[in-house]
Amino acid sequence: MIWLTIRQYRFSIAIVGGLLAITAVVLAITGPHLVHLNDVYQATCKAEGNCNTSQNPVQGTYYQLQNLLNALALILPALIGVFWGAPLIARELETGTYRLAWTQSVTRVRWITIKLCVLGLVAVAVSGIFSLMVTWWSSPIDLANMNRFATGVFAERGITPMGYTAFAFALGVLLGVLIRRSVPAMAATLVAFVVARYTLDDNVRPHLLSPLLLVLSNKATQIVGIIGSPNGATSVQAGQPGLPNAWIYSTNLVNAAGQPPTQAFLNKACPVPSPSGGASGNGNVHVSGGGPFSNVATHQAPGGQNSMQTCSNHVTAVFHAVVTYQPAGRYWDFQLLETALYVVLALILAGVSVWWVRSRLT
Amino acid sequence: MTAVIEATGLGKRYRRKSALTDCTIEIPSGHVVGLVGPNGAGKSTLLNLAVGLLGPTSGSIAVLGQTPASDPEQLGRVGFVAQDTPVYSGLTVADHLGIGAHLNPNWDQAAAENRIDQLGLDPKQRAGKLSGGQRAQLALTLAVAKRPELLVLDEPVASLDPLARREFLQILMETVAEHEVSIILSSHLVADLERVCDYLVVLVASRVRLAGEVDDLRASHRRLIGPRRDPNSLPSNQEVIEASHTERQSTFLVRTENPIHDPAWTVEEVGLEDLVLAYMGQAASESRSGRPVLGIQR
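Chains as they are written, first to last, in the numbering used here: chain C, 1 to 362; chain S, 1 to 298.
Possibly wrong hints are sitting among the right ones.
Pulled from the structure, derived: some chain C residues nowhere near chain S, Cβ distances all over 10 Å [said to hold, decoys possible]:
#: 1; residue: Tyr-62
#: 2; residue: Gly-96
#: 3; residue: Arg-181
#: 4; residue: Thr-310
If we take Cβ atoms under 7 Å as the criterion, some of the chain S residues that face chain C in the derived model are [stated by the list, open to error]:
#: 5; residue: Val-51
#: 6; residue: Leu-53
#: 7; residue: His-102
Don't read these hints as lab results, they were simulated from the structure.
Quick caveat: nothing in here was measured; it's all calculated off a predicted structure.
Glycine included, every Cβ here is placed at the ideal spot set by N, Cα and C.
Construct the entire structure; sequences and hints are all you get.
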């Protein structure tokens, strides 16, 4: 049965193996250059003492390749689910070859279980090897970006792609078993996988571990943005503390009693400076302060710096910032939990497929 | 004699329509059994139930005394050539023999290779490029080389041209001669079965209309041609299957165990095809007249 599965898929396994090898060659040629650039930069910036403020050149190097790799890492699980998962059983049902397979001296439970395991393991291995290469190649860049939890990074590095691949594959197989036709099953797999990823990314990953709170003192709190909306409501943005590679959910202002600032207080403390140009014709006024804390890039109104300082002084006299976040040290915990979540889902879907083939396809 | 297939009240329903209803049948072993019936009679459903590709929705079926496809051993005892003889189009002929070898403990690789050689098939040829006849031969080779006790063929020659049909049945006969294997093959064409079968089952609308060894069936049916008369005036041991009349002449197809002595009749033997058609016609006229089918069946 293992022999048959590999025999049936040997060409597509060979093609994927070839693509992996090509990728490996490209990354092996370009990767050391990134490492070298980073080493040179680290030495230089240490000598000049500007490692925190200067730009690491690796961030902009091989920019297109960076984007291509991230895109491939994102869609590889979906491709495997669509092209290996969905047709695995559907094609047999569609072409009638299941009647040949199911009348050999092998029960159909064994037949589908081995097909699932063999090709599923190959798929996970392919995804793991690719992710390993991407993670290694991108490591100087990720180190410089200091944002490993970010969308487009977390799910494209480490072990999570293997979880997504296992899930996409099992999802494809199940939809193939249910729909019984390859092409509709492939389309359904793509849609279902994208929906599942979006839903779980937004609604499950943030809750895998309960976040930590970082309470800043009033003195350490800084206001870096004032946002006025056309209805007269004002909101302010507190600067985030330097937490490299952490996953920051939110930064909220509260007073000693734990209450957020009232609208009346903000209107009084932080009058929105009237813009001189016509740039804010939409009624929204954004004011940003500079400083090392700021990561808000908005248009700066003339005179904004002064009013920002006044605002910051007024607000931080009463309010301090509370940061809700996952610390950088939990990166691998999250990688493991996220992967485990998808692997468990994959096993459930695979179990349903086996049961369906055994009991319902009669 | 044990039965290769024994079904009681067997039924298979899909969501709306019923493919087989209350089918009770017993097929003895040691024969080449032809299962004939019009399209939609339930032949294919019955055979798919027998090899376990389908599960019954009512009643029970035992094949070689066991539930079909219950375990690998039972699967190994029954060979199956499915309708339209599906093969893996991307795999070669040799790959297909590999499938048989890897998935069947009693696989006879030498016999399979020998057969492929005799058929003149190139082992490196992709199965998708084979002709319909060659594909059927490959499927038969696979089913035979697993050394089953029972070989089930579902309309194996329906899509073949007459020459390929003849070759296929020829090889099937050689197989029977070589190995002790019971065979059931279905067809809606009696002519296909006449040359190979020694036992015949006529299935019409899920009901067995006629079952028996071909020689017995031939011996017990006669066509009587003579002056016009009422079928009810025939002796009670002559069961009229089919009657047709012209103005002055009557033709009856009768079933009887006794010799026919009435000198008024010209007595002819009945060909298998005419016999089967007569039984199918009888079933059709009964269902038209709305008479209960079971009551007529003897």
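To see whether the hints hold, each was checked on the structure:
Distance check on Tyr-62 of chain C: its Cβ is at least 38 Å (rounded) from any Cβ of chain S, clearing the 10 Å threshold; non-interface status holds. For Gly-96 of chain C, the requirement that its beta carbon stay farther than 10 Å from each beta carbon of chain S is not met, with the minimum near 4 Å. Separation of Arg-181 of chain C from chain S is adequate, the least Cβ-Cβ distance of about 16 Å exceeding the 10 Å criterion. Every beta carbon of chain S lies more than 10 Å from that of Thr-310 of chain C, the smallest distance being close to 74 Å; the non-interface claim holds.
Against a cut-off of 7 Å between C-beta atoms, the interface hint on Val-51 of chain S holds, since the closest Cβ of chain C lies about 5 Å away. For Leu-53 of chain S, the interface hint holds, the least distance from its beta-carbon to any beta-carbon of chain C being 6 Å, beneath 7 Å. A cut of 7 Å between beta carbons decides the hint on His-102 of chain S: the least distance to chain C is about 5 Å, and the hint holds.
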